[in-house]
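Protein chains in written order, with the working numbering: chain G, 1 to 479; chain Y, 1 to 479.
Hints in this document: simulated from the structure, not taken from any laboratory.
One should not assume that every hint holds.
Because identical chains cannot be distinguished in the list, a pair is counted as satisfied if it fits within a single copy or across any two copies.
To be verified - Here are the simulated DSSO-like pairs of lysine-lysine, each with C-alpha atoms no more than 30 Å apart in a straight line:
1. K283 / K176
2. K176 / K280
3. K460 / K161
4. K13 / K160
5. K460 / K429
6. K430 / K161
7. K416 / K460
8. K473 / K156
9. K473 / K176
Protein chains: 2
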Amino acid sequence: MFESANLDHRVGKSAYRREEPKLREALLDAQYDVQRNGGFAVLILVAGVQGAGRGAAVNLLNEWMDPRHVRTRAFGAPTQDERERPALWRYWLALPPRGTVGVFFGAWHEAPIMRRVRGESSDDGFAHEIAQISRLEQMLGDEGVLLLKYWFHVSKKEQKKRLKKEGEKLEAPYGKFVSVGEAFLRRTSTREAPWTVIPGSDARYRDLAFGRHLLASIRERLARKPAPARIPRPARALQPPDALNVIRALELDQAMSRAEYRDELDKWQARLAALSRRRKFGKLAVVGVFEGNDAAGKGGAIRRLTSALDARRYDTISIAAPSEEERAQPYLWRFWRRLPRLGRFAFFDRSWYGRVLVERVEGFAASADWMRAYTEINDFEQALSRHGIVLVKYWLAISPQEQLRRFRAREKVSFKRFKITPEDWRNRKKWRAYEEAVCDMVERTSTSIAPWTLVEANNKHYARIKVLRTVCKAIEAQL
Amino acid sequence: MFESANLDHRVGKSAYRREEPKLREALLDAQYDVQRNGGFAVLILVAGVQGAGRGAAVNLLNEWMDPRHVRTRAFGAPTQDERERPALWRYWLALPPRGTVGVFFGAWHEAPIMRRVRGESSDDGFAHEIAQISRLEQMLGDEGVLLLKYWFHVSKKEQKKRLKKEGEKLEAPYGKFVSVGEAFLRRTSTREAPWTVIPGSDARYRDLAFGRHLLASIRERLARKPAPARIPRPARALQPPDALNVIRALELDQAMSRAEYRDELDKWQARLAALSRRRKFGKLAVVGVFEGNDAAGKGGAIRRLTSALDARRYDTISIAAPSEEERAQPYLWRFWRRLPRLGRFAFFDRSWYGRVLVERVEGFAASADWMRAYTEINDFEQALSRHGIVLVKYWLAISPQEQLRRFRAREKVSFKRFKITPEDWRNRKKWRAYEEAVCDMVERTSTSIAPWTLVEANNKHYARIKVLRTVCKAIEAQL
Chain G
1 MFESANLDHR VGKSAYRREE PKLREALLDA QYDVQRNGGF AVLILVAGVQ GAGRGAAVNL
61 LNEWMDPRHV RTRAFGAPTQ DERERPALWR YWLALPPRGT VGVFFGAWHE APIMRRVRGE
121 SSDDGFAHEI AQISRLEQML GDEGVLLLKY WFHVSKKEQK KRLKKEGEKL EAPYGKFVSV
181 GEAFLRRTST REAPWTVIPG SDARYRDLAF GRHLLASIRE RLARKPAPAR IPRPARALQP
241 PDALNVIRAL ELDQAMSRAE YRDELDKWQA RLAALSRRRK FGKLAVVGVF EGNDAAGKGG
301 AIRRLTSALD ARRYDTISIA APSEEERAQP YLWRFWRRLP RLGRFAFFDR SWYGRVLVER
361 VEGFAASADW MRAYTEINDF EQALSRHGIV LVKYWLAISP QEQLRRFRAR EKVSFKRFKI
421 TPEDWRNRKK WRAYEEAVCD MVERTSTSIA PWTLVEANNK HYARIKVLRT VCKAIEAQL
Chain Y
1 MFESANLDHR VGKSAYRREE PKLREALLDA QYDVQRNGGF AVLILVAGVQ GAGRGAAVNL
61 LNEWMDPRHV RTRAFGAPTQ DERERPALWR YWLALPPRGT VGVFFGAWHE APIMRRVRGE
121 SSDDGFAHEI AQISRLEQML GDEGVLLLKY WFHVSKKEQK KRLKKEGEKL EAPYGKFVSV
181 GEAFLRRTST REAPWTVIPG SDARYRDLAF GRHLLASIRE RLARKPAPAR IPRPARALQP
241 PDALNVIRAL ELDQAMSRAE YRDELDKWQA RLAALSRRRK FGKLAVVGVF EGNDAAGKGG
301 AIRRLTSALD ARRYDTISIA APSEEERAQP YLWRFWRRLP RLGRFAFFDR SWYGRVLVER
361 VEGFAASADW MRAYTEINDF EQALSRHGIV LVKYWLAISP QEQLRRFRAR EKVSFKRFKI
421 TPEDWRNRKK WRAYEEAVCD MVERTSTSIA PWTLVEANNK HYARIKVLRT VCKAIEAQL
């Protein structure tokens with residue numbers, strides 16, 4: 001893979017002087033076209049061997065392009081903030097929005113390679129990390145990010161010369177680093193996002209090769225016509241030959257007396273409070289996902305949790321339509337940025353499942369997009385789970401009759417009127433479509449690491465206690 | 001993931017009798033349309049828990065569809081033949097050709113799941129196997145295979161009842177198997193090929209659900225318009241700012257006297273013969289890939305290897321245009337089927353690299369197809385290498401002048417005339433395009449597990465000795 005980089009490439013001064021201003025102008029033009037297009041972000045990963053000019057290349061980009069629209073981010077050792085989030089968190093937060101160019105220096109490739117070089121990961125462990133990276137990169141591509149991966153390379157001899165000149169210390173033995181790097185490049189070069197090796201021994205050659213490739217890649221993408229949705233799958237994964245499904249199988253009316261509710265509420269809230277104060281709780285975090293029919297009591301259930309907790313320990317996050325900033329990012333971005341640090345709770349009142357619920361039913365997302373969302377969500381939740389985040393997911397189910405009763409009651413009580421909108425009435429008409437979407441969602445995303453709990457919610461008291469109890473049990477299982 | 005399968009689904013006899021004949025006819029029609037279309041194969045993977053009706057479903061397919069165009073293959077413990085090939089070999093050989101339907105019962109998912117259930121693989125090892133499967137399945141999708149993956153499922157209680165009734169022995173503890181299965185399904189459900197869980201407790205429900213989904217999926221694919229090539233990448237990975245490349249860097253004229261050649265030939269042929277008789281050689285195999293300019297001496301180099309070997313120990317495989325049978329399969333199929341068993345040699349006179357050489361230059365393959373071929377080839381060679389196959393790959397390079405001399409000489413010698421065709425003269429005109437393709441090929445597929453050896457071949461003697469010597473060294477490194 002590094003054959004060309006080991007040759008003695010050269011570009012003369014005068015040839016460089018002829019081409020450089022043209023290339024620079026063309027890159028600037030391309031950058032403005034990316035901005036005007038607004039449909040995709042460009043993300044440039046800069047990697048490679050020490051002394052091959054990675055830093056110089058990043059500086060060059062900032063010099064050649066309009067720095068107002070280039071976001072350069074160099075990742076070093078993770079900060080305290082970053083260590084308390086899943087490993088990918090810091091990369092997610094730094095993603096460039098559509099219409100801009102992002103440069104990552106030392107991104108998600110860095111740690112797996114260095115761990116392998118230092119012998120801290122096995123061959124299988126390395127493969128595991130590579131698989132996760134591949135899925136992340138595929139998701140980015142699907143979300144419209146133009147991912148360009150560059151590996152800057154020089155020979156061992158050249159590296160030695162460079163480091164001596166700069167007075168730099170060697171970070172990893174050349175042979176080992178290159179051999180791990182080669183395996184990494186080979187296994188993360190995908191159809192959509194192959195690596196490109198840039199020979200780094202001659203600065204002028206390096207800059208022109210890098211700049212030209214970047215320009216050609218951006219131009220190619222700008223010229224691409226929007227592809228028709230490529231994987232139109234049957235809208236319903238499995239057409240059920242009978243009328244039974246997980247929602248209809250629920251016995252929505254559950255009894256619970258007011259007295260019993262009081263007792264249970266006290267008991268489970270005390271238990272939750274105690275759990276949250278356990279010292280070991282500082283090594284995990286809780287993410288609660290609340291979905292359900294309109295007026296099913298999501299907010300009320302969340303409040304029964306939060307009232308048991310220290311206000312400094314939790315966030316309640318209400319998810320509405322995405323903001324402009326959020327729409328310029330991959331779908332999951334706005335959820336990544338709200339992840340709790342260790343020792344904390346985050347309750348999502350509606351969540352990333354909007355993609356496969358409202359966006360599916362209302363046609364806001366193409367079927368290919370919400371179909372792949374199941375996989376992306378499972379990957380996302382696996383990343384959370386691996387980091388020690390306890391995931392609890394609730395679908396609060398009420399009957400159409402009960403919903404009607406609650407809607408009417410809300411209309412009568414003036415301070416509850418804001419809770420009922422024309423949209424709620426419209427949604428009722430799509431009851432069956434939502435039911436189908438919920439069944440598919442449960443079928444495809446209820447997993448051992450992040451199971452769905454279906455809550456029979458015609459009786460609010462019963463529902464709240466079931467939520468409280470399962471949250472406590474999930475935390476206890478982890479502690 | 002198995003929520004719906006754990007419900008008590010039922011379809012009544014009369015409802016089944018009404019629908020079954022229609023579904024059956026529609027499936028048969030769909031099958032004929034697949035055959036008429038001829039553009040893709042359907043591959044149905046049947047998996048799931050024991051006692052959920054996997055076997056019955058496979059039988060049903062053979063009953064419902066035209067068995068002349070359904071190829072059903074049940075994979076059990078590997079045979080001796082299969083054990084001597086890489087693990088994926090038997091699946092490759094059994095792939096259905098375009099226009100037909102293949103059913104795999106216990107395919108590549110089986111062994112990884114069972115190993116994990118039995119605790120024979122670590123979490124990372126399991127992830128490693130999953131990553132390989134994902135890449136295989138993606139490749140199949142890219143090659144136009146419609147991959148449909150079904151997991152038949154019943155509850156623990158139902159399984160127990162079934163096994164008792166059939167007098168079958170439980171192969172794996174239910175809980176463990178289902179938990180590993182769930183993780184597997186979650187992590188191998190991709191955008192292109194998600195798993196579909198079929199509830200198996202009621203035979204009529206199972207058959208209708210399965211049949212309907214199959215029908216809808218095949219119909220959806222038949223209706224799909226051929227998508228435009230989706231990933232048009234710049235044709236040359238990196239435009240080199242100077243004229244230097246790995247081919248031009250070669251010193252093609254190397255000296256070797258006839259006497260020296262004789263000595264070296266004797267020495268290395270004896271060494272190769274001895275190596276091939278080593279007992280430990282039985283644990284590995286050698287695959288030699290010979291590519292090069294026309295008339296560069298590929299055949300002659302191969303003969304200098306084979307004349308040192310027992311004729312029962314090697315195959316020489318000349319690759320020309322693919323046959324009709326081969327064209328109906330994914331690109332790499334015809335190479336998989338020619339893989340040597342352990343203890344043997346296979347020399348490919350031209351090879352899978354045709355995809356990124358002649359097919360690229362002549363425009364037989366779309367750029368998106370040959371671009372992804374680099375990744376597919378690296379995966380293929382990694383599978384070979386993991387199985388203990390020593391890969392040696394040669395590019396025999398001669399100068400245009402030397403080629404011209406050889407062409408003219410061949411035209412003069414009557415028994416060599418067959419070796420020179422109008423195509424050879426045409427290819428000469430594309431010298432630069434081939435050179436570019438060769439450089440990209442070396443850059444993207446020369447890896448530590450399967451490095452390219454560039455052979456300066458203006459002097460045939462020198463070239464043959466270099467090939468012999470590097471083959472011996474590669475085997476010795478492995479032994």
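Status of the hints after comparison with the structure:
| no. | hint | in the structure |
| --- | --- | --- |
| 1 | K283 / K176 | between (34 Å within a copy, 27 Å between copies) |
| 2 | K176 / K280 | between (39 Å within a copy, 28 Å between copies) |
| 3 | K460 / K161 | neither (72 Å within a copy, 39 Å between copies) |
| 4 | K13 / K160 | within (24 Å within a copy, 79 Å between copies) |
| 5 | K460 / K429 | within (23 Å within a copy, 80 Å between copies) |
| 6 | K430 / K161 | neither (69 Å within a copy, 40 Å between copies) |
| 7 | K416 / K460 | within (16 Å within a copy, 91 Å between copies) |
| 8 | K473 / K156 | between (56 Å within a copy, 24 Å between copies) |
| 9 | K473 / K176 | between (47 Å within a copy, 21 Å between copies) |
Hints 3 and 6, counting from the list given before, are not met by this structure.
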